[in-house]
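Number of protein chains: 2
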Amino acid sequence: MDKGLLIVLSGPSGVGKGTVCTALRKRKPELIYSISATTRRPRDGEVDGVNYFFKEKEQFLTMIQNNELLEWAEYVGNYYGTPIQFVEDTINAGDDIILEIDVQGALKVKETFPEAVYIFLVPPSIDELKNRIEGRGTETADIIKHRLSMAQEEIELLKHYDYAVVNDKIENACSKIESIIVAEHCKRFRFIENKTKEEV
Amino acid sequence: MDKGLLIVLSGPSGVGKGTVCTALRKRKPELIYSISATTRRPRDGEVDGVNYFFKEKEQFLTMIQNNELLEWAEYVGNYYGTPIQFVEDTINAGDDIILEIDVQGALKVKETFPEAVYIFLVPPSIDELKNRIEGRGTETADIIKHRLSMAQEEIELLKHYDYAVVNDKIENACSKIESIIVAEHCKRFRFIENKTKEEV
Numbered sequence: 001m002d003k004g005l006l007i008v009l010s011g012p013s014g015v016g017k018g019t020v021c022t023a024l025r026k027r028k029p030e031l032i033y034s035i036s037a038t039t040r041r042p043r044d045g046e047v048d049g050v051n052y053f054f055k056e057k058e059q060f061l062t063m064i065q066n067n068e069l070l071e072w073a074e075y076v077g078n079y080y081g082t083p084i085q086f087v088e089d090t091i092n093a094g095d096d097i098i099l100e101i102d103v104q105g106a107l108k109v110k111e112t113f114p115e116a117v118y119i120f121l122v123p124p125s126i127d128e129l130k131n132r133i134e135g136r137g138t139e140t141a142d143i144i145k146h147r148l149s150m151a152q153e154e155i156e157l158l159k160h161y162d163y164a165v166v167n168d169k170i171e172n173a174c175s176k177i178e179s180i181i182v183a184e185h186c187k188r189f190r191f192i193e194n195k196t197k198e199e200v
Numbered sequence: 001m002d003k004g005l006l007i008v009l010s011g012p013s014g015v016g017k018g019t020v021c022t023a024l025r026k027r028k029p030e031l032i033y034s035i036s037a038t039t040r041r042p043r044d045g046e047v048d049g050v051n052y053f054f055k056e057k058e059q060f061l062t063m064i065q066n067n068e069l070l071e072w073a074e075y076v077g078n079y080y081g082t083p084i085q086f087v088e089d090t091i092n093a094g095d096d097i098i099l100e101i102d103v104q105g106a107l108k109v110k111e112t113f114p115e116a117v118y119i120f121l122v123p124p125s126i127d128e129l130k131n132r133i134e135g136r137g138t139e140t141a142d143i144i145k146h147r148l149s150m151a152q153e154e155i156e157l158l159k160h161y162d163y164a165v166v167n168d169k170i171e172n173a174c175s176k177i178e179s180i181i182v183a184e185h186c187k188r189f190r191f192i193e194n195k196t197k198e199e200v
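Chains as they are written, first to last, in UniProt numbering: chain U, 1 to 200; chain L, 1 to 200.
No wet-lab data here; the hints were simulated from the structure.
Backbone N, C-alpha and C fix where the C-beta goes; we use that ideal spot for every residue, glycine too.
Misleading hints may appear alongside valid ones.
[To be verified] Which residues of chain U face chain L? A partial, calculated answer using Cβ under 8 Å:
| no. | residue |
| --- | --- |
| 1 | Arg-41 |
| 2 | Phe-120 |
| 3 | Ala-164 |
| 4 | Lys-176 |
| 5 | Val-182 |
[To be verified] Pairs of lysine-lysine residues, derived as BS3-like cross-links and limited to a Cα-Cα distance of at most 27 Å, are as follows:
| no. | chain 1 | residue 1 | chain 2 | residue 2 |
| --- | --- | --- | --- | --- |
| 6 | U | Lys-17 | L | Lys-187 |
| 7 | L | Lys-108 | L | Lys-57 |
| 8 | L | Lys-110 | U | Lys-187 |
| 9 | L | Lys-159 | U | Lys-159 |
| 10 | L | Lys-187 | U | Lys-110 |
| 11 | U | Lys-187 | L | Lys-108 |
| 12 | U | Lys-110 | L | Lys-57 |
| 13 | L | Lys-187 | U | Lys-26 |
| 14 | U | Lys-159 | L | Lys-110 |
| 15 | L | Lys-57 | U | Lys-187 |
| 16 | U | Lys-28 | L | Lys-169 |
| 17 | U | Lys-28 | U | Lys-17 |
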């Protein structure tokens with residue numbers, strides 16, 4: 001059976017990762033979503049193993065120590081992290097799994113899963129900026145320079161990723177991510193890898 | 001403006017490259033098809049610059065000499081080749097161009113255009129074979145071994161390609177190729193390349 005893919009969806013804060021993920025979940029229900037472990041208390045209606053893996057602080061610290069987390073972080077006194085086991089079980093079962101994560105977390109995941117598919121959601125503002133810069137502007141050279149440098153900074157983060165998807169419209173971004181998943185399954189090295197495993 | 005892609009569609013003879021290309025042309029009319037140069041006489045209804053670039057033998061030999069062809073071959077006394085100019089003009093204009101070509105030709109194209117997208121159409125028989133081999137077969141070990149080695153030989157050619165698309169159903173193969181084109185346009189390095197060119 002073909003192995004599933006780990007798809008890491010990241011990008012600058014405010015770019016709309018969550019919104020795109022929610023839309024993608026509706027369009028592509030067969031895609032599995034990575035479930036985080038957390039030490040925060042469950043809220044009403046939250047189910048262990050569905051919304052989160054709820055852990056005691058001690059359990060979480062043990063997971064960190066045993067390298068059971070792909071990445072973790074502490075926010076306002078609570079720990080959040082991505083359990084490796086769930087990701088590995090999913091891809092070994094031949095299912096694709098998507099992990100929505102901030103840029104710092106994504107870089108940590110890459111240390112363990114360099115073979116994952118790294119997608120960077122790009123804010124449309126870079127494109128808008130580009131258009132404005134390209135247009136017959138009335139801005140001073142300094143402002144244009146500053147804007148260019150901001151755009152360059154955001155683009156700089158991109159170098160760690162395989163794909164750049166501009167989040168101009170949610171449906172466009174979802175379509176592109178779906179195409180990327182199809183294309184990645186057609187990658188020659190995956191094809192040969194899977195065939196070889198099967199035929200040996 | 002973003003540069004277009006050169007998509008090289010190849011695979012073993014009889015795999016259905018032409019059929020897939022014809023179906024793709026209907027589904028995706030904005031995709032440009034590479035036009036070959038040839039020394040063979042035009043048939044009724046064939047138009048120069050549409051079906052082929054019709055050339056005298058002398059002209060063709062000059063094109064070879066001037067490195068104006070991505071690849072060329074001689075069949076039954078006639079020359080056939082892929083003019084570089086048409087491919088370059090198309091991608092420089094921001095349009096994608098597809099080149100349907102045999103495996104030998106594709107490898108030659110790769111020398112000039114390593115950055116093109118190389119898609120290998122895989123006959124479904126490899127998969128069928130795999131299924132048969134996997135199934136509780138009544139075949140002798142020798143037959144199984146021979147079939148495996150045939151499959152391995154076909155897979156061997158794959159190593160020069162970026163993608164493997166199984167031509168199980170024409171519509172499936174077309175969908176996958178379309179997804180590959182979308183995904184390739186999202187490739188981070190293309191995104192950065194295009195942005196950098198535009199902003200400098």
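Hints, verified against the model:
{"no.": "1", "hint": "Arg-41", "verdict": "violated, 39 Å"}
{"no.": "2", "hint": "Phe-120", "verdict": "holds, 7 Å"}
{"no.": "3", "hint": "Ala-164", "verdict": "holds, 4 Å"}
{"no.": "4", "hint": "Lys-176", "verdict": "holds, 5 Å"}
{"no.": "5", "hint": "Val-182", "verdict": "holds, 4 Å"}
{"no.": "6", "hint": "U:Lys-17 - L:Lys-187", "verdict": "holds, 18 Å"}
{"no.": "7", "hint": "L:Lys-108 - L:Lys-57", "verdict": "holds, 21 Å"}
{"no.": "8", "hint": "L:Lys-110 - U:Lys-187", "verdict": "holds, 17 Å"}
{"no.": "9", "hint": "L:Lys-159 - U:Lys-159", "verdict": "holds, 26 Å"}
{"no.": "10", "hint": "L:Lys-187 - U:Lys-110", "verdict": "holds, 17 Å"}
{"no.": "11", "hint": "U:Lys-187 - L:Lys-108", "verdict": "holds, 21 Å"}
{"no.": "12", "hint": "U:Lys-110 - L:Lys-57", "verdict": "violated, 55 Å"}
{"no.": "13", "hint": "L:Lys-187 - U:Lys-26", "verdict": "holds, 25 Å"}
{"no.": "14", "hint": "U:Lys-159 - L:Lys-110", "verdict": "holds, 25 Å"}
{"no.": "15", "hint": "L:Lys-57 - U:Lys-187", "verdict": "violated, 40 Å"}
{"no.": "16", "hint": "U:Lys-28 - L:Lys-169", "verdict": "holds, 22 Å"}
{"no.": "17", "hint": "U:Lys-28 - U:Lys-17", "verdict": "holds, 16 Å"}
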